[in-house]
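> In case you want the letters, here they are:
Protein chains: 4
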Amino acid sequence: MILISAEEIAKHNTYQDCWIIIYDKVYNLSKFLPEHPGGVGVILEQAGKDATLAFSTIHSQEMIHRYLPSDACLGFVDPATSVAETSKAEERRREAIKNRPSLNEILHLYDFKAVASRILTNETWSFYNCAADDEISFRENHYAFLRIWLRPRVMRDVTHIDMSTKILGYYSSFPLYISATALGKLGHPLGEVVLTRAAHSHGITQMIPNFASCSLDEMTIARKDGQIQFFQLYINKNRDISRKVIQDVQEKGYKALVVTVDVPSVGNREKDLRMKYAGAPPGIQNEKDLNRDQGASRVLASFIDPSLNWNVIKWLRSITSMPIVIKGVQTPEDAILAAEYGCNGIVLSNHGGRQLDFAPSAIEVLPNVIEGLKKSGLLGKIEVYIDGGIHRGSDIFKAIALGAKAVGIGRPLLYAMSSYGQAGVEHALQILKDEFEAVMRLSGTNTIADICPNMVDSKSLSNHSLTPKDYLSSNVYDRLVPLRSKL
Amino acid sequence: MILISAEEIAKHNTYQDCWIIIYDKVYNLSKFLPEHPGGVGVILEQAGKDATLAFSTIHSQEMIHRYLPSDACLGFVDPATSVAETSKAEERRREAIKNRPSLNEILHLYDFKAVASRILTNETWSFYNCAADDEISFRENHYAFLRIWLRPRVMRDVTHIDMSTKILGYYSSFPLYISATALGKLGHPLGEVVLTRAAHSHGITQMIPNFASCSLDEMTIARKDGQIQFFQLYINKNRDISRKVIQDVQEKGYKALVVTVDVPSVGNREKDLRMKYAGAPPGIQNEKDLNRDQGASRVLASFIDPSLNWNVIKWLRSITSMPIVIKGVQTPEDAILAAEYGCNGIVLSNHGGRQLDFAPSAIEVLPNVIEGLKKSGLLGKIEVYIDGGIHRGSDIFKAIALGAKAVGIGRPLLYAMSSYGQAGVEHALQILKDEFEAVMRLSGTNTIADICPNMVDSKSLSNHSLTPKDYLSSNVYDRLVPLRSKL
Amino acid sequence: MILISAEEIAKHNTYQDCWIIIYDKVYNLSKFLPEHPGGVGVILEQAGKDATLAFSTIHSQEMIHRYLPSDACLGFVDPATSVAETSKAEERRREAIKNRPSLNEILHLYDFKAVASRILTNETWSFYNCAADDEISFRENHYAFLRIWLRPRVMRDVTHIDMSTKILGYYSSFPLYISATALGKLGHPLGEVVLTRAAHSHGITQMIPNFASCSLDEMTIARKDGQIQFFQLYINKNRDISRKVIQDVQEKGYKALVVTVDVPSVGNREKDLRMKYAGAPPGIQNEKDLNRDQGASRVLASFIDPSLNWNVIKWLRSITSMPIVIKGVQTPEDAILAAEYGCNGIVLSNHGGRQLDFAPSAIEVLPNVIEGLKKSGLLGKIEVYIDGGIHRGSDIFKAIALGAKAVGIGRPLLYAMSSYGQAGVEHALQILKDEFEAVMRLSGTNTIADICPNMVDSKSLSNHSLTPKDYLSSNVYDRLVPLRSKL
Amino acid sequence: MILISAEEIAKHNTYQDCWIIIYDKVYNLSKFLPEHPGGVGVILEQAGKDATLAFSTIHSQEMIHRYLPSDACLGFVDPATSVAETSKAEERRREAIKNRPSLNEILHLYDFKAVASRILTNETWSFYNCAADDEISFRENHYAFLRIWLRPRVMRDVTHIDMSTKILGYYSSFPLYISATALGKLGHPLGEVVLTRAAHSHGITQMIPNFASCSLDEMTIARKDGQIQFFQLYINKNRDISRKVIQDVQEKGYKALVVTVDVPSVGNREKDLRMKYAGAPPGIQNEKDLNRDQGASRVLASFIDPSLNWNVIKWLRSITSMPIVIKGVQTPEDAILAAEYGCNGIVLSNHGGRQLDFAPSAIEVLPNVIEGLKKSGLLGKIEVYIDGGIHRGSDIFKAIALGAKAVGIGRPLLYAMSSYGQAGVEHALQILKDEFEAVMRLSGTNTIADICPNMVDSKSLSNHSLTPKDYLSSNVYDRLVPLRSKL
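Residue numbers (my numbering), protein chains in the order written: chain S, 1 to 487; chain V, 1001 to 1487; chain D, 2001 to 2487; chain X, 3001 to 3487.
Simulated from the structure, these hints should not be mistaken for laboratory data. In this text, a Cβ means the ideal position worked out from N, Cα and C, and glycines have one as well. Each hint should be verified, as a subset may be incorrect.
[To be verified] With beta-carbon atoms standing in for the labels, derived distance ranges:
1) V/1459 x D/2434: 50 to 60 Å
2) D/2481 x V/1094: 21 to 31 Å
3) S/81 x X/3162: 33 to 43 Å
4) X/3311 x D/2459: 31 to 41 Å
5) D/2064 x X/3013: 54 to 64 Å
6) V/1080 x D/2474: 51 to 61 Å
7) D/2160 x V/1459: 54 to 64 Å
8) S/449 x V/1092: 49 to 59 Å
9) S/173 x X/3453: 22 to 32 Å
10) V/1225 x D/2474: 24 to 34 Å
11) X/3031 x D/2160: 30 to 40 Å
[As the list claims (entries may be wrong)] 30 Å max Cα-Cα, derived DSBU-like pairs, lysine-lysine:
12) S/459 x D/2271
13) D/2098 x D/2031
14) D/2025 x D/2049
15) V/1459 x D/2088
16) V/1459 x V/1224
17) S/31 x S/49
18) D/2459 x X/3314
19) D/2255 x D/2049
20) S/469 x D/2459
21) D/2271 x V/1433
22) X/3314 x X/3271
23) D/2252 x D/2314
24) S/469 x X/3271
25) X/3469 x V/1469
26) S/433 x V/1224
27) S/459 x V/1374
28) V/1459 x D/2469
29) D/2469 x X/3314
30) D/2459 x V/1469
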């Protein structure tokens, strides 16, 4: 066993020659550096130092063995010389947390996002907040709700409001579930289990992500008695791997399988890709040193099967008794197919605008899907959920009025979690509940069943004469100016 | 009787230990402080001092006994030592008034609002100016008018213009009334009676607010011979209280009862809620010290009955002979119900956008309501008024053309009152009158009856492809930027 | 005859005590000062000095006798002591002219406006550039053209383009005439005759304004052989005055009478009104010193007859043989009436947005008018012109395609004249001609007759979902902001 | 042979007296200076110096003889004294290139444009980037794509994506060709052959511009085996010249003749025109020194035949066997005529918005053209391409879905070439390919044939209620502001 002194390690702190300490072992990352999905910068910041804290925040220990060749490990740090150090990024994060507003001052989900934008590292912020291409669909997801107006009824006894509903037969305190989002530990050291606990506090369902930072066991253990969890899955090119996961999940008590079908390849998320170059030193501007086609998102998705098709439903039925939900449907045609193939539910979703820019918002697709199912005599055979753009109680109300059984919410809760932990997520859910209850009361609706289509005015929903602003194109446009007098 | 020296009182000037003087008595507000609907800041500013002036501007004396426990009163200030002091906020207000523009320079209602924004305290400005959630409906109320165009006729003798009309049979010099708005003394020491006097000068009706700062007697006494006042009422959970108010009001000569039906719970007015934290010292950032769910608006509304329904009309008819107007109708369906239940009038209103965000503007609902009443054979059985967004004479003209009997105006007059008192309100009304007369003359209409639907072009009124900008969401969006050359 | 020394006069230079010299006479303007339509400031700038230059730029000499009481004249300035002085405003103007761009650099009509905005005094700029209320119609006049697209045809021989047309039977080198605009001497010392000369150079018709700065004789004398002038008239309350003007005009060879019918009262032009207060000293902020309801526009229009109606056509026919054109028609209904009453032409116009805000643009009204005349069998019985918003050759093309015989242009030529005199106006007209010819050539149209309705796409013309921005309301709106971390 | 010393030449460095050295000869440009299409400034910068480098970057040597009279040449520079000098502009350009981002950091076509805007000289940037009048059509070309949304299908096997297609029967690796753009050497010293080489690398067709900086031979030689080139032609007033070019082109192996038909006269490109004055010294502000009506674009186009009409097709058929494509069609009517006249293809194009402002975007015209051809039974008889506004793979997908056979791209590749040479163009094409493949995969389409009309939602495509912003008019508008308190 080789012992290496902290002083020696500290000398290897450049792009060409980069050593770091993780869990007391010393690694030479010089070759791995340009391949790191999270960018060069975050590693160089740790070059020659103990990176255990920064590493463990994001990765499980087994990642080392999966990605590094065995000869990358040079030996152990000499305990007599080692000094664990807090990274500058971590210091900055802690300072931002210390100066965050009081949780009680947070009035809406935008506050959480604004606070999180200062607390998260640039890398995490870019990964969570990015979307595809010009991020038109990302913003359209929100703007589409702005084109729907309410039709409030008055003079109805609204003393008692019952917001509860059932999702695949399971009780939900209001028609919202926590959607699957990847890499929770980037935002909070405890990762997805924070969401598990908050979901229980509020009596709602959590959809566990395939790309969780926490292990399946951690998330299963965090579940309380009677609490409902669904499991979101990407189908692997190697079906055996998927089969094992599905059987494991069923045994561990997950109540439904949610198959994401809109990632045959990963979307072009440019904020995320930019990060790769953010910390690169000037010396490596050479065109061969770094290569395109990466970023955190791409690495994650490399095993997903692009040949996925409707036949997979039969196969799934053959290996599991869990209800099957298809996530990523975007047309009435596919909604009808899903119903015909016997799926139990569909999530209308454009993946938060992260996959295909100009994919329509789920809320715009929703009434067409309901209409399509109705015409095909399939309405009621399949539950329809939507996600994307939900920020206010009125958004939930609009979705229910147009035919959704429930809505999913993802990123806003990551921001709440990153800024205030479990208390933040619970506060965020409470805000949504309060807002939704208020809209129900002020609209004169006592139960979910009362929220029918004529409670909203969606005549302008499909009017796309105004699109979310395209910042790239306007940024490079030179505006015409008239002449003024000289000097 | 305990006498306490001003010097002693002055020592108790912190969040934990806060005494103030009101009407010569000394109160310990340490416990009450976090509960104060108007926020912590305004009280701390007075801590250890004589707060009589600041208090009396907003509250009637009886409020002390209603909200403070009897042991909060510690005794009397020793008159030998007391020194009344003008608060800094009051000094700032007076300075702003001294520097306001000449009243003759005020050309339109926006000038009043701009001037008032500097004169009012932050708390009052936030309370008057706030609206629900993203304030979409608040601004839509104005923008909807921008989507209506005029169809002016020429070559008509317009030497004589008669703007007068009747509201519930009572003469009005032009088709506008002063709508009910709460807490007038926040804006002007004399409160609502300023509006009463200006209404008389202009020969129009005033709708007295249930939440007036002035007492009913004050407002009744301020009424001149032949002057018309309506009374706006929130129905109390305790019907006996409402009955007494109604009978009192009828005896005192009010000519109509206007029942507000759109407040089963209070809207989520975030500017108002923010104020609660504005003056809080850093030491109390702890999450339990302050609690959400308050703000001036919420406290006011706690007694309103959420079980209110159409049966209340029969009960009202049984205890009063006053005409009954329902304020807050927002759909043709409810307009028809109001007519069928025998109401004398309805106010189409979304409560100035302060209740339910995305509730439609009254002006957009108006033509649908008229159409609905016509189809049901009820047109003419009930008078239809609208409020919300009226700022120009052309707005009044558009409302009349689309079928309104009259329009209500609220906040703009508060701004005029706050900035210039009664002269300000009279000037504001004169501007509206002049503008309305000009629109009538330039449109070739001599009387209110001439202002028929084909005097306007409202084809684009219901086109919602462009919504008022959602500032919160765009504020937290990171715009994409293309690369430029480095350095 | 009293002689007063320049030194003595110089002492009377305050708001309370204000003497000035005009054409060697000394006037006490102390009483007149607050009544001056052009504002207090411009006079105070001259107080105690010789104001002849400033006065004569704008007014004819007879104005003195019309507006000042005879006792305002105190005597003559003692020639031994008088010193004529150039005003500071005039110096500023000359400096701006010296620094204007070369005329050849002016590429479009916006350049002229930008240059003029620096050269004109604030008072003149405000008067020329102002419009009614929120200036929505003013800007809509331009924006409406942006909603019309072209349908260019290719592979047509466009070697020869003939842009000429006839207006009331008179040759015009292209389908544009100079419209009537008031007070030309505010922009250029020679006033309207500058336009007369440029009209001749380009072979187009000039519409002489009733409110010209130049006398009728000056403008008549400036006319060259064969040059066509129309006369624009406001009908006086006293018909005898109008009769005399009409007969005078006919004798002097004007070829048509254009009766403006959209000014029964003057529009609310707030930029113009603001000017009244611009120069007022702080000492007179008192609310009674200055009164509303004035500004240059209002004084001019006081004699116009608000009782004007269609009967006037018969009367006009009885006293003149000139063709009669009605200017200010804004609906198909009135266009049909004009044709039925035997008028020879109509100008669709909202008076440049200066009269009634939210009056539609002429270009939007145009296709409806053509349709209305067609349905009534009156198409071809009356010529239809439009004005308002014309800035580009493509605007002219669009108007012709939608049925206009010609378009009028006003303010843009005032800006050209104010900045560069006659050469400027000729350059402006040449730009329009070049642009119009280019559009004809690139659209594949050889003659005016080829410019038919299917050369344009006007499907979105009446879509008013996007209105010109309402700056007043957005200026006083406090935008919502999410919380950020403190400090 | 006259020898002139560098010292002597250096003295002639003013507007009135301007000598320069090109290829060792000395020219007196004093008379030519005001006529220079590229502006006075670029020449004055070289006055008295050796301009060979600057000249040769843009012009071929024969230009000297074509444009300068023979007596302009004064003799040879005395080699003993001459010193070649790098121009300041060239130094600036090299500095910008040194500081450009790494090519791998370039994520989309906007990055290239942003980088190029700093590298190109002002003159070149203005020439490349300019468009007609208010540049509405220029930007609309891009914005129109924003009004088209996608309808992605899921659960389809998209392992294999085949993007290849045929254009006029020739293989293309994806449905895009490099369109013809003038004066490539302004952007890169090697000019159009850079594009030829990149086209080969990517297996796509290049359309060679009539106004290339490179000679036909250079571009022919650069062609690799099997590589496809089309030739774009402006028909000369002198048909003999055109005939020779066509025969030459056919012999040299060009595969199709693309006749541009939308330039009977050159568009009014104001950014380009402005450049003429950019370097002019203050001394020549006199109105006669410079004249309008020029700029780089106008000089180029002076020989184009404005009498061009459909008869030309028969003549072309008589002299060439190449397929004939008409470029610049903008209506279904002309598309039908082109098919009837037997053309093999049409390019729907508004010439990048550089010809006629308010000409519609090709993408908006496309579905109407397809519909028109279908109704006339001509669909399939003629290939339809579009150009203008293509920046993303999704733009290509939308065009194909609406019926285009392929799309052309011009300026974005000039920016890539100017910033990074051939590697830049190849990277740009790779980005487009990657993006297009991703859209195909994420939409569930395996081949070009799968991209049918119902893969997109183009309902809002023709909704023009929102037009690209008109910067000139808004720049000269004085916004209304409400009064605030004074001081």
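> Each hint: holds or not?
Verification of the hints:
Taking 50 to 60 Å as the suggested C-beta distance range, the pair residue 1459 of chain V and residue 2434 of chain D does not conform, at roughly 37 Å. Our hint of 21 to 31 Å for residue 2481 of chain D and residue 1094 of chain V holds, since their Cβ atoms are close to 29 Å apart. Take residue 81 of chain S and residue 3162 of chain X: their Cβ atoms lie about 60 Å apart, and the range 33 to 43 Å is violated. Residue 3311 of chain X and residue 2459 of chain D have their C-beta atoms about 33 Å apart, which keeps the hinted 31 to 41 Å range intact.
Taken as a hint, the range 54 to 64 Å holds for the pair residue 2064 of chain D and residue 3013 of chain X, whose Cβ atoms sit roughly 59 Å apart. Distance hint check for residue 1080 of chain V and residue 2474 of chain D: the Cβ-Cβ separation is about 55 Å, which falls inside the suggested range of 51 to 61 Å. One distance hint, 54 to 64 Å for the beta-carbon pair residue 2160 of chain D and residue 1459 of chain V, is violated here, with the actual separation near 42 Å. At roughly 53 Å, the beta carbons of residue 449 of chain S and residue 1092 of chain V sit within the given window of 49 to 59 Å.
The hint said 22 to 32 Å for the Cβ distance between residue 173 of chain S and residue 3453 of chain X, and at roughly 44 Å that hint is violated. At about 43 Å, the CB distance of residue 1225 of chain V to residue 2474 of chain D disagrees with the hint of 24 to 34 Å. Checked against the given bound of 30 to 40 Å, the beta carbons of residue 3031 of chain X and residue 2160 of chain D, roughly 32 Å apart, stay inside it. Between the alpha carbons of residue 459 of chain S and residue 2271 of chain D the distance comes to roughly 39 Å, so the proposed pair goes past 30 Å and is violated.
For the hint pairing residue 2098 of chain D with residue 2031 of chain D, the CA-to-CA distance comes to about 38 Å; that exceeds 30 Å, so the pair is violated. With a CA separation close to 11 Å, the supplied pair residue 2025 of chain D and residue 2049 of chain D stays within the 30 Å bound. Between residue 1459 of chain V and residue 2088 of chain D, the direct Cα distance comes to roughly 51 Å. Violation of the 30 Å bound is thereby established for this hinted pair. With a C-alpha separation of about 44 Å, the suggested pairing of residue 1459 of chain V with residue 1224 of chain V is violated against the 30 Å cut-off.
Only pairs whose Cα atoms come within 30 Å are accepted, and residue 31 of chain S paired with residue 49 of chain S is accepted, the gap being roughly 17 Å. Our distance criterion of 30 Å between C-alpha atoms is broken by residue 2459 of chain D and residue 3314 of chain X, whose separation comes to about 37 Å. Distance hint between residue 2255 of chain D and residue 2049 of chain D is unfulfilled; the C-alpha atoms sit about 44 Å from each other, more than 30 Å. Between residue 469 of chain S and residue 2459 of chain D the alpha-carbon distance is near 24 Å, which keeps this suggested pair within the 30 Å criterion.
A hinted pair counts as satisfied when its Cα atoms are at most 30 Å apart, and residue 2271 of chain D with residue 1433 of chain V qualifies at roughly 20 Å. Between residue 3314 of chain X and residue 3271 of chain X the alpha-carbon distance is near 38 Å, which puts this suggested pair outside the 30 Å criterion. Between residue 2252 of chain D and residue 2314 of chain D the CA atoms are separated by roughly 22 Å; this keeps the pair inside 30 Å, and the hint holds. Between residue 469 of chain S and residue 3271 of chain X the alpha-carbon distance is near 25 Å, which keeps this suggested pair within the 30 Å criterion.
Straight-line distance between C-alpha atoms of residue 3469 of chain X and residue 1469 of chain V comes to about 17 Å, which keeps the hinted pair within the 30 Å bound. Straight-line distance between C-alpha atoms of residue 433 of chain S and residue 1224 of chain V comes to about 49 Å, which puts the hinted pair past the 30 Å bound. Note on residue 459 of chain S and residue 1374 of chain V: the hinted pairing holds, with a Cα-Cα distance of about 23 Å set against a maximum of 30 Å. For a cut-off of 30 Å, the pair hint linking residue 1459 of chain V to residue 2469 of chain D stands: about 19 Å separates their Cα positions.
Between residue 2469 of chain D and residue 3314 of chain X, the direct Cα distance comes to roughly 53 Å. Violation of the 30 Å bound is thereby established for this hinted pair. Straight-line distance between C-alpha atoms of residue 2459 of chain D and residue 1469 of chain V comes to about 26 Å, which keeps the hinted pair within the 30 Å bound.
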